[in-house]
Amino acid sequence: MADAAVRRWGEGLRCYGLIVGMWVRSTMAYRLSFLMMAAGNFAATALDFVAIAIMFSHVDVLGGFSLPEVAFLYGTTSTAFGIADLTLGNMDRLGRRVRDGTLDVLLTRPVPVLAQVAADRFALRRVGRLSQGVLLLAWSLTRLDVHWTPVTVALVPLMLVSGAVIFGAVFVAGAAFQFRADDASEIQNAFTYGGTTLLQYPPTVFATDLVRGVTFVVPLAFVNWLPALRVLGRDDPLRLPAWVDFASPLVALGCCAAAALAWRTGLRSYRSTGS
Amino acid sequence: MRLYAAVAAGGFRRYATYRTATAAGVFTNTVFGFIVASTYIALWNERPHLGGYDRAQALTFVWVSQALLASASLLGGGFQEELQDRIRSGDIAVDLYRPVDLQAWWLASDLGRAAFQLLGRGVVPLAVGALAFELALPADPVTWLSFLLSVLLGLVVGFALRYLVALCSFWLLDGAGAGMLSALLCMFFSGTLLPLNVFPGAFGEVARTLPWAAMLQVPVDVLLERHRGTGLAAALAFQAVWAAVLLAAGRLLQSAATRKVVVQGG
Amino acid sequence: MDAFIELDGVRKVFDVRRRTGLLRRERHQVRAVDGISFRVPRGEMVGYIGPNGAGKSTTIKMLTGILTPSGGRLRVAGVDPSRDRTGLARRIGVVFGQRTTLWWDLPLRDSYGLVRRMYRVPEDRYRANLERCVELLDLGRLLDVPVRQLSLGQRMRGDIAAALLHDPEVLYLDEPTIGLDVVSKTKVREFLREVNAERGMTVLLTTHDLTDIEQLCKRVMVIDHGRLVYDGALDGLHAVGESERTLVVDLEHEMPPITGVPGARTVKVEGTRQWLAFPATHSAAPVVAAVAGRYPLVDLSVREPDIEEVIARMYAERPTP
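Protein chains in written order, with my numbering: chain A, 1 to 275; chain B, 1001 to 1266; chain C, 2001 to 2321.
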């Protein structure tokens, strides 16, 4: 049983890689266009931060956080989101494939459908967004005035990986929803793009109920807020126990399980209704 | 004229059929409204009269921009890609030989779309914002009418800009780059990311005279009654002048494109 | 002979919600496939025809495991497709006429490389299969051309080859000749005959083109409103004998209706273009020769009788039981 699952995942990843490779080569057929789009992808997200920088030209702190601290939050969530966006960001095209019937072609192949949908039209230009996040994270690390310990140092890569997985689970769950509502792709934008916008700012900026919602309902707070507050040496506004700051990997696993369940349910319902 | 009214009605109806997509968009606009509103509250708590706005006015800015986001295509979208596809595929030659004016045809169709999205995607987010936060919405119906006029002028300016960009596809091999640059400029200089009156110093002054300011910043300021009397007239004139200049530029480019198609066969 | 494809009372019912007012919705059930039974022995090539919306593609989707049947029993090679879709996928080939699976911006060869690795086709089998396909479908010069530069006919040939590289035991073809030029149609048909005979591959073919069926299949199944209304030899579809093909000719200048062509009659004149109908069982050659001998021809083409027309005639002659 477990053996079969491992083999299936291995096969899925292998085929994901194969299809991604094909898309990258297709992209490189138009090299100049690719460079332009990647630069644009970078610039679009960079302007986002320019707006924050303009805010800080008027104030010294926002919600009690300094510019380097906000940049740290921004960099961590943008990097995590950038990884998920690059690898799974085109899953929101599933609804279109349902509408025009091309999803059926994917279902006739001996390859997990999830892997094929995840790799569909893989957009390498999205490295633009990812690299902007990484650059900003690096800049914030040089400016932060925090006391680093081995634990807080380890927390940084841990939150990036867990965060990417959590956002990835949101992409998968959002796509699964499109099996039922094939033109509702924009709903997931509220959780993906909306989520990363939320996490770019300190939790102190938001109403407590909103913070509770993204901690306990859609656990985006585990992408960066909770571990990042520990790194920055600040209390979390919900006063949760200290171990919660290290719970991101567990939460990420839970999100994966939930997303997998949603995906299976969605695919099963598609195969019985065909619409 | 009747033809263009029919085209506009067609644009309206076409978008009215996407009900689930509209509901999904309203949901997302509302979520973003809450997120951005929270950050503005934090900002205006630190600097209570930043950019000349009080807190209620700043929050009004947030929710009006979410309400206009789809209608004014502040983050891109609308007709531009469709027109670019027709130019790239050569189908545009057919359009050019039809006895209708290309620019007026697309303008009517885009205004029809915008009208639907103003109602379908604008009203609910603004109402939610007004219920959840204290907004500075005017009581005077004349202000609301001036606001609608200003929105209309802003829509025309937005259309004229994107029409110019789309026509570039006649000369550029790949119109996507121009489209992307135009979307970036629009997102930043319309005030979608941050109100233009918060932009610092001379940079802000320049930003407020660019055409993109006519798309969001001016309509919101009209609604907030920051332009009154001759000031209001000046604000509307600012929009009208940009609309006229850009539409005229579009016509020039269009006739050059027509010559290119007719003489060189595309 | 063992039954390779078996259907026993297979049904597929869809819930359809229709908007009847601004907010009101009506739910009703559509029986897309309503109790179909048939058997196809290994190695047979069968035509599966019917009007649009009759339930053809729903059947194909159930045979490939995309859709789960609402009732009845269905087996392909002894396997229940809806339970072991991925397992079965290695053993079947599918060609959807209007949906290419080739990679638009990459050379044709790259698409085949992906198939090889996705299906884990052994190197020697892959090479042998590719060689055979290239030879029979005349793909040699096309292998290194980006797919976007291929014509529709070339692309369809490429698609069919892609579906055969993994040695499938059964091939489902959905409108494989739609929109193709005469040369490509002929090539595709020759190829299908060849692989069917050579490998004993079972083929299920849906099409609107009766010539496909005439040239390829001894057996035809007709589906309408979700039910099998005919299953038997092509000749038994007696309406075919009475259906007509049409010769469309463009003349150099306008002329009165063409007369004196044995076995054909002029049914329509429009400017310089004229339509001549002749029985589908006759060859087009003598008709063309007769016209060409006496009239100044600019262009001509032959239109095949439409399946829907044949089925409509079937109904007109045989009251539904």
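Treat the hints with care, since some could be wrong.
Said to hold, decoys possible - Computed Cβ-Cβ distance ranges for the label pairs, DEER-style: (1) B:L1131 with C:R2027: 41 to 51 Å; (2) C:E2304 with B:E1081: 37 to 47 Å; (3) A:F216 with C:V2030: 40 to 50 Å; (4) B:A1006 with C:G2260: 17 to 27 Å; (5) C:P2041 with B:A1006: 58 to 68 Å; (6) B:L1172 with A:W139: 47 to 57 Å; (7) C:D2084 with A:G10: 12 to 22 Å; (8) A:T273 with B:E1205: 52 to 62 Å; (9) A:R99 with B:A1249: 44 to 54 Å; (10) C:G2260 with B:L1172: 39 to 49 Å.
Claimed, not checked - Non-contacting residues of chain B with respect to chain A, defined by C-beta distances greater than 10 Å in every case (computed): (11) A1009; (12) E1081; (13) T1143; (14) L1184; (15) A1240; (16) V1241.
Claimed, not checked - Here's a subset of chain B near chain A, in silico, CB distances under 7 Å, partners left out: (17) A1016; (18) F1027; (19) P1048; (20) L1050; (21) G1052; (22) L1193; (23) L1252; (24) L1253; (25) S1255; (26) R1259; (27) V1261.
To be clear, the hints were calculated from the coordinates, so they are not data collected in a lab.
Given the structure is predicted, the values throughout are model-derived calculations rather than measurements.
We treat Cβ as the ideally placed atom computed from N, Cα and C, and that holds for glycine.
message: Name the hints, by number, that the structure is in violation of.
response: 1, 4, 6, 9, 10, 14, 17, 19, 21, 23, 24, 25, 26, 27
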